[in-house]
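Chemist: Chains as they are written, first to last, in our numbering: chain A, 1 to 142; chain B, 1 to 143.
Since the hints were made in silico from the structure, they are not lab data. Please note that the accuracy of each hint is not assured.
[Unchecked claim] Once the Cα atoms are required to be at most 25 Å apart in a straight line, the calculated SDA-like pairs of lysine to any residue come out as: (1) K76/B <-> D41/A; (2) K76/B <-> G62/B; (3) K76/B <-> L54/B; (4) K76/B <-> R112/A; (5) K76/B <-> S43/A.
[Stated by the list, open to error] Short, incomplete list of chain B residues facing chain A, as computed with Cβ under 10 Å: (6) D24; (7) V28; (8) V55; (9) G62; (10) T64; (11) P77; (12) A88; (13) G98; (14) Y110; (15) A120; (16) T124.
[What the hints assert, rightly or not] Examples of chain B residues lying across from chain A (beta carbon under 10 Å, computed): (17) I3; (18) L18; (19) F44; (20) P52; (21) M53; (22) A56; (23) T60; (24) R82.
Virtual Cβ for every residue (Gly too), placed ideally from N, Cα, C.
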Amino acid sequence: MNAAWMWGLFGGVLIGLGAAVYLLGNGRIMGASGILGGLVDGSARRNTAERLAFIAGVVGMPFLVRPLIAPQTETHLTGNLGIVIAAGLLVGIGTRIANGCTSGHGVCGISRFSLRGIVATIIYIAVGGLTLVLLRHAWGLI
Amino acid sequence: MRIIISLIAGSLFGAGLLISGMTDTTKVQGWLDVFGDWDPTLAFVMGGAILPMLVAWRLTAGHTPLTGGQFPAPPKPELDRRLIIGSALFGMGWGLAGLCPGPAMASLTYGGFGGVVFLAAMITGMLMAPALGAQLDRPANAA
Numbered sequence: 001m002n003a004a005w006m007w008g009l010f011g012g013v014l015i016g017l018g019a020a021v022y023l024l025g026n027g028r029i030m031g032a033s034g035i036l037g038g039l040v041d042g043s044a045r046r047n048t049a050e051r052l053a054f055i056a057g058v059v060g061m062p063f064l065v066r067p068l069i070a071p072q073t074e075t076h077l078t079g080n081l082g083i084v085i086a087a088g089l090l091v092g093i094g095t096r097i098a099n100g101c102t103s104g105h106g107v108c109g110i111s112r113f114s115l116r117g118i119v120a121t122i123i124y125i126a127v128g129g130l131t132l133v134l135l136r137h138a139w140g141l142i
Numbered sequence: 001m002r003i004i005i006s007l008i009a010g011s012l013f014g015a016g017l018l019i020s021g022m023t024d025t026t027k028v029q030g031w032l033d034v035f036g037d038w039d040p041t042l043a044f045v046m047g048g049a050i051l052p053m054l055v056a057w058r059l060t061a062g063h064t065p066l067t068g069g070q071f072p073a074p075p076k077p078e079l080d081r082r083l084i085i086g087s088a089l090f091g092m093g094w095g096l097a098g099l100c101p102g103p104a105m106a107s108l109t110y111g112g113f114g115g116v117v118f119l120a121a122m123i124t125g126m127l128m129a130p131a132l133g134a135q136l137d138r139p140a141n142a143a
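Kindly generate the complete structure, drawing on both the sequences and the hints.
Modeler: So, in structure tokens, the structure goes:
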């Protein structure tokens, strides 16, 4: 098996363990867009500190371990800021309207056989693939 | 206790996103681009993440969370316009840049200026969402 796939599988298990700790410990679904979104739009009055602690882990742990285990990892994000801004707006709007993203609907939803999670995941993967294929191969824009 | 659990969960999530390669947009776009040099890594990440959660959901039956309270209610069976349109908009943005909310946060310290711009735009979008979502709840126009 290709090494990138094995790292993918191992990293994936860590992601799933994080979701399991959050669920079994705090009784909540680990959704990145929900945790951040509820914090910024003020809908999460009661558990602000929990959300901040979660985000501190998400941001802080890669900062701490990247120099040791994956110093070559980069985002390779496009330098076209127009695309970056449009993409960021779409991701922010879409995940909050749909009430979930890759972690909430994808990881947590599919693993409990939620129809909504499965349908959301099929839609964002299909639309994401179509968007990329059209813009890259048909129109040559990205 | 809840705060410590949140910090542990976030740390596992962040480390997993880094190690799996999901903060690298070329891996995500490589998976979405079926007409390019297809990269299957994302499927392994998703599969790996679902495994512990399959066990975790089974453990919720007949128990309560460690810190008290209730586990989330069973998922609603209905599909609605919000879920479908929201997921389609998210997919467009995901395809365009190759970042979703988790990796956008996890890569904050090494994603450079572009990563900060993406995160700022994403938060702006999150603030716009309630008003836009309310439009979807109105009855469909005759047009």
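Chemist: All hints are to be evaluated individually against the structure, with a verdict given for each.
Modeler: Outcome of the hint check:
1. K76/B <-> D41/A: This hinted pair holds, its Cα atoms lying about 24 Å apart.
2. K76/B <-> G62/B: holds, 20 Å
3. K76/B <-> L54/B: Holds: K76/B and L54/B sit about 18 Å apart, inside 25 Å.
4. K76/B <-> R112/A: holds, 12 Å
5. K76/B <-> S43/A: OK: K76/B and S43/A at ~21 Å, within 25 Å.
6. D24: For D24/B, the interface hint holds, since the closest Cβ of chain A sits about 6 Å away, which is under 10 Å.
7. V28: Check passed: Cβ of V28/B comes within 9 Å of chain A, closer than 10 Å.
8. V55: This hint holds: V55/B lies near chain A, its Cβ roughly 7 Å from the closest one there, short of 10 Å.
9. G62: violated, 13 Å
10. T64: Status holds, d = 7 Å.
11. P77: Because about 6 Å separates P77/B from the closest Cβ in chain A, which is inside the 10 Å limit, the hint holds.
12. A88: Holds - the Cβ of A88/B comes within 10 Å of chain A, reaching about 5 Å at its closest.
13. G98: Since chain A brings a Cβ to about 7 Å from G98/B, closer than 10 Å, the hint holds.
14. Y110: holds, 6 Å
15. A120: It holds, given that the least Cβ distance between A120/B and chain A is near 7 Å, below 10 Å.
16. T124: holds, 6 Å
17. I3: Given a least distance of 5 Å, the restraint on I3/B holds.
18. L18: With a closest approach of 4 Å, the L18/B hint holds.
19. F44: Given a least distance of 4 Å, the restraint on F44/B holds.
20. P52: Result: holds, 4 Å to nearest chain A Cβ.
21. M53: holds, 4 Å
22. A56: Result: holds, 4 Å to nearest chain A Cβ.
23. T60: Because about 7 Å separates T60/B from the closest Cβ in chain A, which is inside the 10 Å limit, the hint holds.
24. R82: holds, 5 Å
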